[in-house]
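Visitor: Here is what each chain is made of, one letter per residue.
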Amino acid sequence: MTTTVEHIMGLPISIDLGDDVPAAAEQAFDWLREADERFSPFKVDSEVSRFDGAPGEDLREILAICDEYERLSGGAFTARLPGRAFDPSAVVKGWAVQRAAELLRSAGVRRFCVNAGGDVVTAGGPWRVGIRHPDQAGKVCAVLDSRDGAVATSAAYERGAHILDGRTGEPAAGLLSVTVVAEDLTTADTTATAAFAMGVEGIEWANARPGCEVFIVDEDRRVHRSEGLALL
Amino acid sequence: MKKTILVLLLSAAGFIAVWRFEPAPLASVAVAQPRTSSPTTSGAAVGATEVTVPGSVESNRYGTVQVQLVFTGDKITDVQLLQEPTSGRGVAALPTLREEALQAQSANIDTVSGATQTSESYAKSLQAALDAR
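So the sequence lines, in the order shown, correspond to chains A and B.
So that you can map any letter, position 25 of the first sequence is 25 in my numbering, and since no number is skipped, the others follow by simple counting.
For my numbering, add 1000 to where a residue sits in the second sequence, where the first one is 1.
Warning: the hint list may mix true and false statements.
[Stated by the list, open to error] In silico lysine to aspartate or glutamate, EDC-like type, Cα no more than 16 angstroms apart, as pairs: (1) A:Lys139 x B:Glu1058; (2) A:Lys139 x B:Glu1099; (3) B:Lys1124 x A:Glu158.
[Unchecked claim] Far from chain A, by Cβ distances over 12 angstroms, these chain B residues were calculated: (4) Val1057; (5) Glu1058; (6) Thr1077.
To be clear, the hints were calculated from the coordinates, so they are not data collected in a lab.
Each residue gets a CB set at the ideal place from its N, CA and C atoms; glycine is no exception.
My request is simple: use the sequences and hints to build the entire structure.
Guide: Encoded structure:
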């Protein structure tokens, strides 16, 4: 197994290749660097910073996902907070990493695990994906058996209360950690972020999303998990 | 008799808590206040008198629960759920984080899913240790 770690979009991104396919990881990293250049709101020349209402095809796709989840979450999830610049970062990361995973598949890698700052895409499992304990950084509070799919977690323990409830503009409250398992990382990541923003009502909401399973820790440290979740 | 009913109601409340919720913090949810209705006498013997006691409707953020107890003499012969929380495909809110974490301790893992990690915090993280293997 070859593990390569690079830091892109401010994230540590690890790619484990179970199959020996030279250059596949490099292609995936190249794409992630490109995505950072094109969609970062912090780069003045990015498509997001220059966004003038005429987005290219990829940015249109990202905007459509932002709008869809804003609607589905009743406005709790939003890329357009009042008084702030348009910021689709919450969608871009999962979307870009999912595409990186598809590049690995296209390159002929059948078994891989990509971890982008805590969001995971696997293929050719079993891969044992631990869910970080929300109170103890060095521990996990559950282990999932992931075959071909994605696992994303949203919480405030890493970067503080950075997820705001778009309905109030206040930091999201009620949940400590939201993990969503889905077929792809775009869905898993966006659903996890939206559920975290929604607070307690996000538990049932995320569980009811098609193809999604949840492992959620509320602020009373109760665990809510989907019946079908593949726990080890 | 009244004391017995209370004790039995609390037992039933415990049952509901186990059925749906983690008992400790949510016990109050299921403790139904009895409104003793007129006994429905169905048998001649005193011990065979059947009494139906509906509990009050209790709601919290997980839904609404109402139970009804049927006593025959001093014994609960039936517990009926008049209302139960509806929850789509069902999220079990049973275990605590501590219980879950204990289960997970012994497992080997390949990778860690967690809140978005920054490159700064990565160096000392569990994921970095796994990547360095």
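Visitor: Which numbered hints turn out to be false for this structure?
Guide: Number 1 - this is the single hint that the structure violates.
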